[in-house]
Amino acid sequence: MTLELAIHSIEEVRLAGPSRLEGKTLFVDPRELEALVAESGRVRLAESAALHPGQRVRAAPVLDVVEPRAKEDPKARAFPGWTGSPVSAGHGLTHALRGMAVVAVGQIAGAQEAILDMGPEADPYCPFSRTHNLVLVFEAPEGLDRVAADDGIRRALLRVAEFLAALGRGLEPDGMETWEWPPVPCQRPRAGLVYLVQSQGDLRRTYVYGQPADSLLPTLLDPMEVFDGAVVSGNFVLPANKTCTYIHQNHPLIAEMFRRHGSELDFAGVILANEMSRLEDKERSAHFAAKLAGLLKIQGVVINQEGGGNTITDVMMLCRLLSGLGIKVVLLVNEFAGNDGRTPSLMETTPEATAIVSAGNNDHPITLPQTERLVGMASFPGVEGPLSGEITLPLSRIYASTNQMGFNALSCRSR
Amino acid sequence: MERPSRIVHYLNQFFGQIGGEDKADVGCEVRPLPVGPGLAFKQLFADRAEIVATVICGDNFIAENLEETAQAVAETVARHDPDLFLAGPAFSSGRYGMACGAVCRAVGNRLGIPAVTGMSEDNPALPIYRSHAYVVPTGKSAAKMREAAQKMVELALDLAQGRTPSEGAHYPQGIRELIRLQQTGAVRAVDMLVASMSGRPFSTELPLPTFEKVMPAPALSDLSRATIVLATEGGITPVGNPDHLEMAMATRFGRYPLTGLESMAPERFSVAHGGYDNRCVRDDPNRLVPLDVLRDLVSEGVVGVVGEFFYTTAGNATSVDNATRFGQQIARDIRETLGENVGVIFTST
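From first to last, the protein sequence lines stand for chains A and B. Under our numbering, the first residue of the first sequence is numbered 702, with each subsequent residue one higher. Under our numbering, the first residue of the second sequence is numbered 3, with each subsequent residue one higher.
These are computed hints drawn from the structure, not numbers from a lab. Glycine is no exception: its CB is placed at the ideal position from the N, C-alpha and C atoms. One should not assume that every hint holds.
[Said to hold, decoys possible] Partner residues are not named here, just some residues of chain B that face chain A (Cβ under 10 Å, in silico):
(1) Gly176
(2) Gln185
(3) Gly187
(4) Val295
[Unchecked claim] Going by beta-carbon spacing under 7 Å, a handful of chain B positions derived as facing chain A:
(5) Glu179
(6) Ile181
(7) Arg182
(8) Thr186
(9) Arg190
(10) Leu208
(11) Phe213
(12) Val216
(13) Met217
The shape of chain A in the complex, shown without the other chains (with noise of 0.2 Å):
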């Protein structure tokens, strides 16, 4: 099967009506969006800002982060089981305006807070310091449960993504990515990835088409449904740690797959598997999604974690059953090596683990300076004085900054 996505490149997006795609400018009426969300039901959009890469603007607190998605076929959701019926994705044409970002900013208690900042000191740690972002800020009516008011939050940002791609519609779009799934067969090693989610109970949940990953059994994906909106992240955990939506969406692994399909190897299959919360479930699960690697005759597996702590437990079990299977194993891991860099970056280790790719240590302390505009709350926990002053903060705040799916280019080396 083939999945179709016709790129529309963004480079700005402005709030004024009627919401249009010209060219490259994204023009959007606050008005709409606050009908949209008042109409998914149960949050209230209080504000909305368009940021822009090299601001002196910061916005907090950030829970997800979504590209804009609609289906050529008026009839076919972008985000099935959420826009829509859960119905497979990853087939027919998928509108995607690309180079910007729909970025929703709420509180909701237990949610770690997230920063996103614009400016230039930004970018090198935060993949969407560069991108042209909508910035939602959504209010949730007083009483309302911690759970209801994420659901709607969630709902509201897909609702809104798949309004502004089906802009898009019956437009020319600036490219064209086609994906087909199974790849042409080749004589190369062959070559998979076990896809790791968090799902763990409320406000750290991964959803797959609309449902909580937290019982999930290992399951064989088809690689493009993944690149059209099968999966999609409601988990608040540190900010650097999570898969956002827009990650997933993009899944930078599978790309990269397919990229070296033919020609340095065989891209076998992708193997999502949750990190579970108790010992007994995670063993099940890595067992379960060894013997799928196994199925697929996969010679050599990459290994990403989401989250961090117990999560890293399910990555390095995994990597000593398939090590004993005999498959090559590459892990992608952040690390926690204290302020100073100094302290073990990992909780747990397996003498099999000889392949990290590391995405950054999550403690390294990052100054920002004095911002112009603060979207979003005022102060910030473990930032003293107002959050638009000079502020000093590990990097595990700084959004997606050293995600394990590989999207950034950030590392540490030994000295």
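Assemble chain B onto chain A, guided by the hints.
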């Protein structure tokens, strides 16, 4: 000419010329001059540095209470106002290596001065302390003392005079430094996989860390006479989190009274922890701080007394340094408040 650098030197009982294994239990003592290997150092330093004191401590004595004794040594060292600290060399001796490493770390933390020691490559203390000291590569035994002393002196003088040590002068410290590379993590990961599958060489970006082993305290001999204290890293706080304990990357812990409480009521206690699904703990905080069961055990005579307060923090991306400090402070606080014969039930999430 610059004034000579002031140096304090640490030795075990053997190199401190007190005695062999039979004297390994002796406590710390201070001599106002170089001793044993210190004499070789003195000769090599000539007028460029002066060993103003030597701290000698039995290997078993310090091993018994490594961190606390190392900190006491650091206090002693501080009184001599040194510019630099030397320990050992320990060669391949694990016990002496642990002592040298722990003392170097404590002195470095307390005084912020460079600490130099020497170990052979196979010394088990090396991976634990290499990032907290400048560890010079040495041979396996004291037969290589002359060579080790030469290297330690050269490195010590470089550090004392602010020069960058020459390549290979000490083991790499393994300090993790944040860098930005040309390629994304995804590209690098697939590169590494392709190399691995085709048998080509590659280097991991993250050599596996080595962990410090913590020896558990001996078991309580009689629970019915013991005081049991409750503690958790699951972030339970009084409702409203009055002291604003952090949900993650904690820099503090809290201590809250349990006096007069039969159990942990959800109206009274809630959770400040961002790293796990704490719904069931919000519903029943006893499941994290099991006061209800502990009171039952006291009334049944199984446990002597309940400590009338509990400790709490959020063990969520909290640094090892902070966690170590919390542990030491909590242990000291329990000792001072409740004395001997105390056990702690520490719950983790």
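Status of the hints after comparison with the structure:
1. With a least beta-carbon distance of about 5 Å to chain A, the hint placing B/Gly176 at the interface is held under the 10 Å criterion.
2. Checking B/Gln185 against chain A: minimum C-beta separation of about 6 Å stays under 10 Å; hint holds.
3. At about 3 Å, the closest approach between the beta carbon of B/Gly187 and any beta carbon in chain A falls short of 10 Å, and the interface hint on this residue holds.
4. Given the 10 Å rule on beta carbons, the hint for B/Val295 is violated: about 21 Å separates it from the nearest Cβ of chain A.
5. Given hint, B/Glu179 at the interface with chain A, holds; its Cβ is 6 Å from that chain's nearest Cβ, closer than 7 Å.
6. Interface hint status for B/Ile181: upheld, as the beta-carbon distance to the closest one in chain A is roughly 5 Å, under 7 Å.
7. Of the supplied interface hints, the one on B/Arg182 holds, with its beta-carbon coming within about 5 Å of a beta-carbon of chain A, less than 7 Å.
8. About 5 Å separates the beta-carbon of B/Thr186 from the nearest beta-carbon of chain A, less than 7 Å, and the hint is met.
9. Checking B/Arg190 against chain A by beta carbon gives a least distance of about 5 Å; that is within 7 Å, so the hint holds.
10. The beta carbon of B/Leu208 comes within 4 Å of a beta carbon in chain A, closer than 7 Å, and the hint placing it at the interface holds.
11. Here the hint on B/Phe213 is kept, as its CB sits about 6 Å from the closest CB of chain A, short of 7 Å.
12. Below 7 Å, beta-carbon pairs count as interface contacts, and B/Val216 has none with chain A, the closest being about 13 Å; its hint is therefore violated.
13. Look at B/Met217: its Cβ only gets to about 18 Å from chain A, farther than 7 Å, so that hint breaks.
Going down the numbered hints, you'll see the structure goes against 4, 12 and 13, while the others check out.
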